[in-house]
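All chains should be modelled from the sequences, with the hints used to inform the complete structure.
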Amino acid sequence: MKKRIVDVLHRLLVTDYPLSIEQLAEETAASGRTIRNDLNEINTFLADLHIGPIQTLRGKGILLKLTSKQQAIVWQALQAQQSEYMTREERSFDLLLHLTFSKEILVLNKKEEAYQISKSSMDEDMRRLRADINKYGIEIISLGKKGLRLNGSERAIRTMIFDIINQRIGRLPLDKQTPDLVFTKLLYRYLPQKAIKQIQQVMQAVLPPNQNELYSSQILFFTAIWLMRIRMKEFITRMNWSTSSNPLQGSAYIQAIAETFSIEPPEIEVNYLSFIIESLNFKDLSNSIEWAHAQLLSLQLIQFVECQTKIPFSKKEEELLEGLYKHMAALIVRAKSGIQVPNPIKETVRKNYGQIYQAVKGFAPTIEEIVGQPLSEDELTFLVIHFSTALSSLNHEIITIYKAVVVCNHGMATGNLLAASLKEKFPEVEVAAVLNSQEVNLITKFDVDLVFSTYEIDYREKPVLLIPPIINEENHQVIRRFLKNNEQFKRIAFDQKNATLFFNQLLTVIEESGGTVDAAAYRKLTHLFEQNQLAINAREIQPMLKDVLSASHIQLNVPVQNWEEAIERSAQPLVKEQIIEKRYIEAMVAAVEEYGPYIVIGKHLALAHARPEDGAQQLGVSVLTLAPPVAFGNPEMDPVKIIFCLAAVDSYSHLAIMKELIELINDEEKVTQLLACSTIEAFQSLLFS
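Residue numbers (the UniProt record's numbering): 1 to 689.
Simulated from the structure, these hints should not be mistaken for lab results. Among the hints, a few may not be true.
[Stated by the list, open to error] With a cut-off of at most 25 Å between alpha-carbon atoms, the simulated DMTMM-like pairs for lysine to aspartate or glutamate come out as follows:
1) K2 / D123
2) K576 / E487
3) K425 / E487
4) K582 / E564
5) K346 / E322
6) K603 / E581
7) K110 / E41
8) K103 / E267
9) K670 / D650
10) K135 / E124
11) K641 / E613
12) K546 / D667
13) K119 / D16
14) K423 / D650
15) K403 / E456
16) K69 / E89
17) K145 / E104
18) K361 / D449
19) K670 / E636
[Stated by the list, open to error] Quick list of the computed label-pair ranges, beta carbon to beta carbon:
20) L507 / S388: 39 to 49 Å
21) P266 / S550: 38 to 48 Å
22) D547 / S392: 44 to 54 Å
23) E347 / S392: 13 to 23 Å
24) T400 / G372: 38 to 48 Å
Note that this is a predicted model, so its numbers are computed, not measured. Ideal Cβ positions, reconstructed from N, Cα and C, are used throughout, including at glycine.
Here it is, written out as structure tokens:
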């Protein structure tokens, strides 16, 4: 029976006068229909107790009229029902235990029925639970029909559940009596009491007596967590930790646990539990909460510094955590005792690792909240040293980059061409977006440091370089000086291996050796790369002009009256084959009317294009030679003798074609030869050579 239904029944039991459906609906924040359904359930409940149903008094409302004996029966039955109710905190604890220790999938609507709560209450429970575990770097994800599961590193999950159970219960009882506490009862649903007793018996038989009952309790506790997660096939995947205290003790204990529960833990799990047993035995840590704080703070610090610096410290997390945790444990004790330890290389660390130092300093308030004392710069730089050690092993994987945005008033095609040219000539420049003239106000929404623009813009928040859309060697020098002058904006990034260049090099080798790369060969090579876990960036593998420009898309020596007709006639083959819609032509003409003859990209050469959303259905190119030539309004480049029409459906698939056209711009002799071609076959052969 849901809580709302119990509330309605309570209201009826203590009321001697009729109540309306509307009144009950208002009191419980439910609809009249819901209240009527609740009343039906109450009547079923009463019938099971052999008590008559709720009375309906015409024009007055409903009334539950019972004798004293019947009321006593109902109250007793309600009390028995309510003993199974859980508070929100208890429900959250149960949900977390289920996610951590149960092999049964977690389906929320089943839990709603078990808890006797509404969907909105369950949604709020999950919202709070997600917020509680987020600080551990763990999230709850949905797997559809496979229910919910925890998503995060296995080490973090174990630290999280250890910490939360400590907060709820304190420690597991070591005597034979089980405290009559809801949280303990919930825990024993998932960590069977029989298993706890077996672990305790192994501890007493193998480990030497320990005067500190708290220490013994925590060893018992974490062993139970370790055992349950191994049984669920959830393993630690990476570790470089070693134990320094009596390893034979730990080995004998873990071996005895494995034999008792018939498990074969991997070596990495044996090392992990040995490390946990040793770390729990820090004599200076007064309780398990401080142990959990040291673990939790170390995990959070690594995540925070990685987020702030963009350095992938998680790649070295296991090695980094070992030293960082031990240092954090000692730091907690020092800080609480008011002990300050000087760091003789403090200034050197700050100078050489300033970015990491600032990140650690930004996290310091979180540590200070735990220890109740401000941290000195000496302590902060000690923490930085641990990160600097990890950084040294990452150095071969670290690169520096500039994050930038490109702004172009000539259209997206030329803007994307500029972005591609920057990437090709200046690999350290990473272009986050290409914007048009109406989108300048969006620059601040991107996480970038530099702006490359093809026209003067009124923007002063970040360094701006004015540059033409087609860059030459002279522009290269300007860009290099611009980057040199803005070195303070360099970012550290992780150099992920990209097989795209390797893929293209293989294609070149095949072609140079006399072979051909057809569609079948391309697919086979792609599949081979995928099988070997080599990532190919589709954005860097674009078709060439010869792959797209067919004979039916070429028109030679066509007479037109003006530039508008030239654009329209050049696009006709693409319209005919439904590569573009008619409105694409209107958009191309409108763009020239608005921005001027920007499509004249070289001497006697024009490239008509519009945005993908203006009616481009697929990638396509057509070409038209003009006889006589036509003026577009560009005194330096007119008259236009050849006009290409480009239809692009995205920001990258046409870039190889654009680069070929740029090569054509710089080859006036080839342009002259193309204009002399009298057949389409000769034109194709020369163009693709």
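Now for the hints, and whether the structure bears them out:
Our distance criterion of 25 Å between C-alpha atoms is met by K2 and D123, whose separation comes to about 16 Å. As the CA atoms of K576 and E487 are separated by approximately 52 Å, the hinted pair breaks the 25 Å bound. Restraint check for K425 and E487: the C-alpha separation of about 17 Å stays at or below 25 Å, so the hint holds. Using a Cα cut-off of 25 Å, the hinted pair K582 and E564 holds, with the two alpha carbons roughly 14 Å apart.
A hinted pair counts as satisfied when its Cα atoms are at most 25 Å apart, and K346 with E322 qualifies at roughly 22 Å. Between K603 and E581 the alpha-carbon distance is near 29 Å, which puts this suggested pair outside the 25 Å criterion. Restraint check for K110 and E41: satisfied, since their Cα atoms lie roughly 19 Å apart, inside the 25 Å limit. Between K103 and E267 the alpha-carbon distance is near 23 Å, which keeps this suggested pair within the 25 Å criterion.
Between K670 and D650 the alpha-carbon distance is near 29 Å, which puts this suggested pair outside the 25 Å criterion. Proximity of K135 to E124 is assessed by CA-CA distance (about 18 Å); at most 25 Å being required, the pair is judged to hold. Pair hint K641 plus E613 does not hold up; C-alpha atoms about 28 Å apart against a cutoff of 25 Å. For the suggested pair K546 and D667, the alpha carbons sit about 18 Å apart, so the restraint of at most 25 Å is met.
Of the supplied pair hints, the one linking K119 and D16 is violated, its CA atoms being roughly 32 Å apart against a limit of 25 Å. Of the supplied pair hints, the one linking K423 and D650 holds, its CA atoms being roughly 18 Å apart against a limit of 25 Å. With a C-alpha separation of about 20 Å, the suggested pair K403 and E456 falls inside the 25 Å cut-off, and the hint holds. Restraint check: the Cα-Cα separation between K69 and E89 comes to about 36 Å, which exceeds 25 Å; the hinted pair is violated.
Between K145 and E104 the alpha-carbon distance is near 12 Å, which keeps this suggested pair within the 25 Å criterion. The hinted pair formed by K361 and D449 meets the criterion: a straight-line CA distance of about 23 Å does not exceed 25 Å. Our distance criterion of 25 Å between C-alpha atoms is met by K670 and E636, whose separation comes to about 19 Å. Checking the proposed 39 to 49 Å range against L507 and S388 shows it holds: the Cβ atoms sit about 42 Å from each other.
For the pair P266 and S550, the supplied restraint of 38 to 48 Å is violated, since their beta-carbon distance comes to about 59 Å. Evaluation of the 44 to 54 Å hint for D547 and S392 yields a pass: the beta carbon distance comes to about 47 Å. Our hint of 13 to 23 Å for E347 and S392 holds, since their Cβ atoms are close to 19 Å apart. At about 39 Å, the beta-carbon gap between T400 and G372 stays in the expected band of 38 to 48 Å.
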